[in-house]
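A.B. asks: All chains should be modelled from the sequences, with the hints used to inform the complete structure.
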Amino acid sequence: LAAHGAPVHIQPCDLADATQIDAYVHAAAKALGGLDVVINNASGFGHGNDDASWQAGLDIDLMAAVRC
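Per the working numbering, the very first residue in the sequence shown carries number 15; after that it's consecutive.
Treat the hints as calculated values from the structure; they're not laboratory data.
Hints should not be assumed to be uniformly reliable.
As the list claims (entries may be wrong) - Each pair of labels, with its calculated beta carbon distance range:
1. Asp64 x Ala20: 38 to 44 angstroms
2. Asp65 x Leu15: 34 to 40 angstroms
3. Asn63 x Ala17: 38 to 44 angstroms
4. Ala20 x Gln69: 16 to 22 angstroms
5. Asp64 x Val22: 24 to 30 angstroms
6. Trp68 x Ala16: 17 to 23 angstroms
7. His61 x Ala20: 31 to 37 angstroms
It should be emphasised that the depicted structure is a prediction, and the values quoted were computed from it without experimental measurement.
Cβ coordinates follow ideal geometry from the N, Cα and C atoms, glycine included.
C.D. replies: Okay, structure coming up:
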């Protein structure tokens, strides 16, 4: 996108962490002069079939979209 002249904002963000999501959205809005749309294309499947693995997947796949 940047190579075609479109403004972009890149910053690491743990999408399982609501505080980091909030900080990212605010930083992106400031860097880009506001936001019209935020696209979250992350996925985080757990590495097992236990509760912790399911929770990790839900935190990224579902809750990150809710928090953005």
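A.B. asks: Work down the list of hints and note, for each, if the structure agrees.
C.D. replies: Outcome of the hint check:
| no. | hint | in the structure |
| --- | --- | --- |
| 1 | Asp64 x Ala20: 38 to 44 angstroms | holds, 42 angstroms |
| 2 | Asp65 x Leu15: 34 to 40 angstroms | holds, 39 angstroms |
| 3 | Asn63 x Ala17: 38 to 44 angstroms | holds, 42 angstroms |
| 4 | Ala20 x Gln69: 16 to 22 angstroms | violated, 36 angstroms |
| 5 | Asp64 x Val22: 24 to 30 angstroms | violated, 37 angstroms |
| 6 | Trp68 x Ala16: 17 to 23 angstroms | violated, 37 angstroms |
| 7 | His61 x Ala20: 31 to 37 angstroms | holds, 35 angstroms |
Going down the numbered hints, you'll see the structure goes against 4, 5, 6, while the others check out.
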